[in-house]
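Colleague: Chain by chain, the residues run as shown.
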Amino acid sequence: MAKPTLTSEMKKGSAELLILAILEDGQRHGYEIARQIERRSRGAISFHVASLYPMLYRLEARSLIEGRWVEKAGQRRRRYYRLTTEGTEVLAAQRSLWQEFFVGINRVARLRTTST
Amino acid sequence: MKAPDWRGIVRASLRQITGDPAHDEEIAEELAQDLAERFDDYVARGMSKDRALELAIAELAEPGTLARSLRDSARPRRMAPVPPTMGGKPSMWSDLVMDLKYGARVLLRSRGFAMAAILTLAIGIGATTSIFSVVNAVLLRPVPFTDMDRLAMVWETDRNTGTYREPASLPDVLDLQQRSRQFSSFATFAPAERTITPPGGEPMRVPILFGSRELLPLLGIRPSPGHVFTNAEDSPGGPRVALISDRLWARQFQRAPDVVGRTIRLNDIETTIVGVVPAEADFGTMQILRSAAYGRGFADRDLRSRVDVWLPLQGDPRTLVRDTHPLLVLGRLAPGATVASAQEELTKIMAELEAAYPSNAARGAFIESLSDVVFSRVRGTLWVLLAAVGFVLLIACVNVANLLLARGAGRLREVAVRTAMGAPLPRLVRQFAAENLVLAAVSAVLGVVLAILSLRLLVSLAPADIPRIADVRVDGIVLSVAMGLALVTGLAFGVVPAVQARRADLQGALKADDSRGATAGRERSLLRSTLVISEVALAVVLLVGAGLLVKSAWRLSQVDTGYRADHVMKAEFQLPGSRYPAVGAQWPNFVEIHRFNDDLLRKVTALPGVEGAAIVGNHPVDPGSQNSWRVVGREAEGQNWPEVSIRRVSSGYFETVQLPVRAGRAFEERDGPTDPTVSIINEALAKRFFEGHEPLGQQIRLWGSARTIVGVVKDERILGLSHEAPPLIYLPFRQAPSFNGAEALLVRASAGTSTLGASLRGAVVQLDPRLAVFGVQPLSATVGDSVAQQRFVMLLLIAFAGVAIVLAAIGIHGVLSYTVAQRRHELGIRVALGATPERVTGLVLGQGARLTVAGLAIGVLAALALTRVLATQLYGVSTTDLTAFAAVIPVLGAVALLATWLPARRAVRLDPLEAMRD
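Protein sequences, first through last, are from chains A and B. Going by my numbering, the letters in the first sequence line up with residues 636 to 751, in that order. Going by my numbering, the letters in the second sequence line up with residues 118 to 1035, in that order.
If we strip away everything but chain B, and leave its shape as in the complex, we get (with noise of 0.2 Å):
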């Protein structure tokens, strides 16, 4: 018998074995040799060489099952990197080059460890430059427009009702113009809207500002093409002339150079353009206005709006008489003055004209920082979010430098043998950062794609009020600022093993398998255990504010609201004068706007499913006007009463938004224009101003009528969920239609309110197809956006507590894991020696649990002490309440368990004769 091919048995049984050719050859032709020597030794025992063959072939076994253990074992013997020579010419370039080389190919080489490390770092710089970018953008950047810090607004305030953010009267200015030394200049300007019929195209609504000839110069904005308002056309009974905004001058004119002179139709009139606002001229407008006791125009209605057309205000004394307030005040400060000693002047002067005219009577004046009414309402929740963020930031910092930690203490004997080969300490520290300098390179990469996602995501969620958002970029600095300090984290923490192996007892690392033992380790280990106490402090401070957060938001669900805004769709217009008149002389009978609107309602309740309609002037979740007002008989009594918010409601209202009647009735067919006029009043009114008194059949004097008290409704909050209904004073619509026409249709319907959004802008077009439908949205929603901001910054703090508990999860699993490596060989001794799996389970658990309760112990207190800055944030609940703070233990406690759980079940299931060999 021929020698047997035993390289052709080998590679017929096993015919692949890794997927390298020239591996496999390689491993064939071992295996070859050692079956050709078996078969020999069988042979020279006397063995036939039939029976020898069979056995020596038996000893592969099962080929498949061979291949792949030959595989698995051989895998790894893909060459590990080498690290850098150290000898050679030195070169900074070239070694540099070779440096980070060597740090990618070790990242690659253990995955795991790398990507935990780059996605935790990837989610801090992501997280913090999207935040830190909205604050930057809001808050940090300048203004665009001359010294911010010079600018002032100044409010009327109004003793009687303790008020004191109130718009002024146009002769109050202009003698404020006059006598004040404390101020260089004074605009005043007052927000409108008005429908622009583009030609041949749909009508839409737009935010405008009535401004004074001042306002754009004061606030050093420059129309470009174009130029402000000139004396002229700022002169009652001027031209009809407009600035619009550069958003309008794109839309609708493309752009055109020659925009200037052209005209647009501002509801039906003529109107012609003189200049374009730059883009980035809002001073804050919108703050401003939702800062006023009332006048506040579109920004009570739709957050987001932005002005998109100027009209010069021609502010006529002789009809802008001193008892109306339509004018918000701003002022320049003078050179030398400041806002208290402008405060103090114009206290003085609003003295003397209390003094000369009657209708004066109570008012003073407020002088307050433009900044401060611009930045006021966000400054808190930004920095309250940005220390959340920065938190996060920290985590996962803090994360990293643990997995660098565990990592390091893996590499002590790498260090420890090149050491010894002779590399200095400061090549190893630079190699070292070399690694982690692609960690962090790799980390940014994702942050920044992250930071730009997140960013568009909550730009999308944030509350319009917040000023500027829609400014917001991915900012430079803060990203480098963010990815710097995950550099420096990485930087500092992976190249501690080296500085720390270089430390220990060399002969100490070399010998011991890991770092057992070793002194380093233990310090090592305290650390860790220091920073995963810190990490879990961290996520307990989050964790409570989200907590308290979430309290708050669902504090704010359950308030009695009085209405109930679901199953109600809102849809506004307005009814321009020019074709439903609304001239003094007639009112309340506005025949037109009184037929359109009985149309309107006799179709839409005609729609399916609609269940009640009804027009108002202000919707539940618009505060409205405030007025004066007396109750007939008790004149002399109600001298000093307090202005009370005004609703114009149609018969239809009180059972549309199901707010119950608590006394009398409600409005009805019955009560016209021509009808004996009444009026209902809430609640509220009642119990402060008719406490023993019988408010039905009493007499209301409002506008020149005296109005019969009819009925008596629950207080529903106008004013926002988290406030107390004021005193209200209900009228029906048609004894009491608005001037400027503007209305609300509310619809309560049985199914739903998907497709009657559409159903009632259909039939406001089929009744007039040149008025503009807008703010059709459901009640509800309209609703939750009065919550936007403390919607916004639930639901970053939630998200942030998740990121949070998740990178102290991974962080207390880590250090359990690496904890139960280290002590394999022990625990693999007790649980030869017989120790109880619970025993052993216990030993882990024990450790997680002190980890754990240190860190909730710590996190407590620093919440205790920092949960503070969310108290405005806060409806109905305390920033120490008890449940938000138990109900983090039982949340963190869950998922300390888990991370636990994992390494504890590892050390059970140690096998002890595997473990005492490693």
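Chain A with its partners taken away, still in its complex shape (with noise of 0.2 Å):
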């Protein structure tokens, strides 16, 4: 087998708990999310246009994130997405969830973790 694919099948699962978490700091725009994203997890994962604002669409229709234009002084518009009132309850709610899942995983296949 080729190298393991980490990739989609993984990344669209987590997609909706990664940008959350980066939307909790505080508000940014689409192409920012994706940067911290790739920053935060050292290149390891990447978010492309592609899949990048359907996301976001989405999480945004669920009324989880909110994203409105913002002008700030000098520059062209841009449409910030911030975390809403329900989207921090589901973060919550999701990392527990992939707590749970993790150390059920963990227990089964014995991962190594490393720090952050």
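Wrong hints could be hidden among the right ones.
Which chain B residues stay away from chain A? Per the calculated CB distances, all over 10 Å, these [as the list claims (entries may be wrong)]:
#	residue
1	I144
2	R155
3	L183
4	L256
5	P353
6	L574
7	R681
8	E752
9	G828
10	A949
11	I975
Chain A stretches covered by chain B per the calculated footprint, using a threshold of three residues with CB under 8 Å from any CB of chain B [what the hints assert, rightly or not]:
#	stretch
12	676-688
13	728-742
For each label pair, taking beta carbons as the anchor points, the in silico distance ranges come out as [to be verified]:
#	chain 1	residue 1	chain 2	residue 2	range
14	A	A744	B	A139	47 to 55 Å
15	B	R124	A	R745	46 to 54 Å
16	A	Q734	B	G963	25 to 33 Å
Hint data in this document are derived by calculation from the structure and do not stem from the laboratory. From the three backbone atoms N, C-alpha and C, an ideal C-beta is built for every residue, glycine too.
Both chains are given apart, each in its own frame, so use the hints to dock them into the complex.
Modeller: This is the structure in structure tokens:
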């Protein structure tokens, strides 16, 4: 078997968690979110336009995040996303779920955790 | 290199995204900025501009796919309905309008739910309304004449035959009139048929009623225009006058106001019209006639007949002597009298008459309230149907309650958020109520449409002996009751979430995704399971009922009728005395009648494909008339023998209906009017009256002649499929023609019967163009009509059971889908932790099975108690028939399995990651 494909399937499953987590720190626009994820995962996870924006719109439709146009002096207007109250709730719930899941998987597959 | 026009690039790749130009512009703008920044980043990292441009554009991947996924994600961005605000000046009206608008928008957003709920309710409302409209029109609506409860039928009884609903003799009625104090008045009537020949039109056959002058006044029916029969008109030898029906007035005279005084031709006799009987004056003629032991007239032939002409009885005791019993008697109870007191009095009077006249031997009286006579036949049936349809409505309501509860669970969060924002409970309740009001209103409109359509279908399918069936209309009151019920269901279960969420821990509801873990959720799922169990139980009851009726119908279809109706065509006509004289002195040698019959048979047997033909007085489904009889040499013994049915048939009869001759011979050409008189008996008669004797060669004394028994034939069920054949005597038509000229032609053809009807009609009309040919239909259809009521009830119950089981399946499916959704993350973990698909399926199927088995058990118990009401509808099947009960299990099992399977499959296919994420 070739190199395990961590990419598509797993990313799809976790994308929501990642985006919500990034927005926890404050509002960001689309590309910033992608950049943050890439940076924090040390390049392991990257988001392309084709997957990022559909996901953002989906989250917005579920009112977990909220996008709005912000104009700053001397800049083009940009669409910033921030977490809604509901989004905060869901993020908390997802965190504990993933925690549970990882613990479960770890018990079974004995992953080695590296410090973050 | 100039900075690329990113927006242009995006717009060029993604021409259309959502279809909303403004929205598309915004998306393009956002993507363009992203690409611009990526480009800048690449360049800043030292990439060539060309390479950077290439990579940035590559971000758009396949533009078609991207556009689609953007559209799919962005679609729900369409503004979610904003709940009406709580602030501002409260105004009942504008708040209500706002609530309704919001409700409509909420429903539009969840179309699947709305459609399921609306369809379910509409079916419930529609079915209930149409059946209840029938019940209401037939049983509940006041009858069109005065004090029906004071009217009673006065029957004569015959201890010899055990019959107790016999018509009376005129002298008896006159004596009763004179002696009775318990009745204030009597009226008599008798059915007959006449051929009307309109000037220049086709002759047609109409049911008529001979009635004494007291009849219409007794019922409180007033002709308009015109008047009831006068004393002079209703005297022996009185003038030829008639009352006509409103229908005939419209059809024949275009409602001309001067119709009184004009004439119609009845059996070629000019008759003066003296009045028009209003349309709704039917006092249950068909039901009374059908109840009579004999003398049922047209009621035996066509159940949908409606009386078109009333003629004065002009009863003359010199011709209508004491031992002929042609008259149906209706009495009005005197003030203070009851059916019981009248019964007592008439029993005494009849005993006096019995003592005074030998011909009254063994005769008594039987008093029965008119409403019992008219409605008893259908009352049970209709209440059964009403109960069944009530079950359907109940199931529909349960289903909607279920749907609403499931939905309510999904909306806990909405309620919690809004409560947190300070919405007062009454406000929330009112808004949920408004939403359900919209739901109920839409369902109601659809329900009305369904009711109108199904009622039309119902009336056309209904057996014609249901009284007043033709007057059935969709009933406003009924409709409001059904809609009210739907509304109450909607409101009651629709506001449950609002109230429950209030009770539930607000924090919990907000925190938890869906209603997972909330106690309210548990309570609700218990309630939902209970609802599904009751739904299944109700469906089981209906299924068992339908099963019993199907088995009964199957039993009826398996009955050996003796005769074979398939490939036999029937046509009826009556030879009028004016052209076909039937003079007593010449009987049985009615030359014109026999000549016509011979000619007709010759003509018909020459038709292509015809294998046999016969002329009969009564076809096999027509019970005909009864007569007393004796066996020559055993007169004393026969003193107390009951009357038996007499059948006049031409020589080809037994062959045409393929009734086997068991001993001796069939009638033959040699049995003519002047030849030695002969007869044939059936096995029932042979068994009952010739036990230990050889019937062949014995003589029967009947209608003035001793008739040698030349054959014994198999029994034929002339009283209907569900009744054993009575003892019968067959006479050759040519040795016993009827005086009234009424005949039926039966023809067996090899090649189906589709065009045969027209040929038969043609053959009759060729011989005599002025004859009205009626009752032209395959004999099998006539047989089918005789079980119309059973068939009607069966079809309806099957329909109801079908609807019930579909609704129950929706219910099971709904609850399990909900459970699967609710347990998504649990199931997801199970799958992630290695639960096999079988195990997961088993979990869901297990829950489905528990609901089904519980419903089944309760339903079977309920059915055991309830199917008893079907007893009168069943033939050859007990109400606790094991196979009917057992058959329900696989049917319900299969449906339940299917309803369970879909959610179970969904559970198996759960993507653990996704499941745990949600």
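Colleague: Against each hint, give a clear statement of whether it holds in the structure.
Modeller: These are the hints, each one checked on the structure:
Some Cβ of chain A comes within 10 Å of the Cβ of B/I144; the nearest lies about 7 Å off, and the non-interface call is violated. With a closest Cβ-Cβ approach of about 7 Å to chain A, B/R155 is found to fall inside the 10 Å limit, against its non-interface label. Non-interface call for B/L183 relative to chain A: violated, since the shortest CB-CB distance, roughly 5 Å, does not exceed 10 Å. With a least CB separation of 56 Å from chain A, B/L256 remains clear of the 10 Å interface cut-off, as annotated.
Remark: the non-interface label on B/P353 is consistent with the geometry, its nearest Cβ contact in chain A lying 93 Å away (cut-off 10 Å). At roughly 45 Å, the least C-beta separation between B/L574 and chain A is larger than 10 Å, which holds for a residue marked as non-interface. The claim that B/R681 lies off the interface holds: its Cβ sits roughly 71 Å from the closest Cβ of chain A, which is beyond the 10 Å cut-off. At roughly 99 Å from the closest C-beta of chain A, the C-beta of B/E752 stays outside 10 Å, upholding its exclusion from the interface.
Remark: the non-interface label on B/G828 is consistent with the geometry, its nearest Cβ contact in chain A lying 88 Å away (cut-off 10 Å). A Cβ of chain A approaches the Cβ of B/A949 within 10 Å, the least distance being about 7 Å, so the stated non-interface status is violated. At roughly 39 Å from the closest C-beta of chain A, the C-beta of B/I975 stays outside 10 Å, upholding its exclusion from the interface. Beta-carbon proximity to chain B at under 8 Å applies to 5 residues in the stretch 676-688 of chain A; the threshold of 3 is reached and the given coverage holds.
Only residues whose beta carbon comes within less than 8 Å of a beta carbon in chain B count, and the stretch 728-742 of chain A has 8; three or more means the coverage holds. The hint said 47 to 55 Å for the Cβ distance between A/A744 and B/A139, and at roughly 49 Å that hint holds. Between B/R124 and A/R745 the C-beta distance comes to about 51 Å, which sits within the given range of 46 to 54 Å. Our hint of 25 to 33 Å for A/Q734 and B/G963 holds, since their Cβ atoms are close to 30 Å apart.
Hint compliance for this structure: hints 1, 2, 3 and 10 are not met, and every other hint is.
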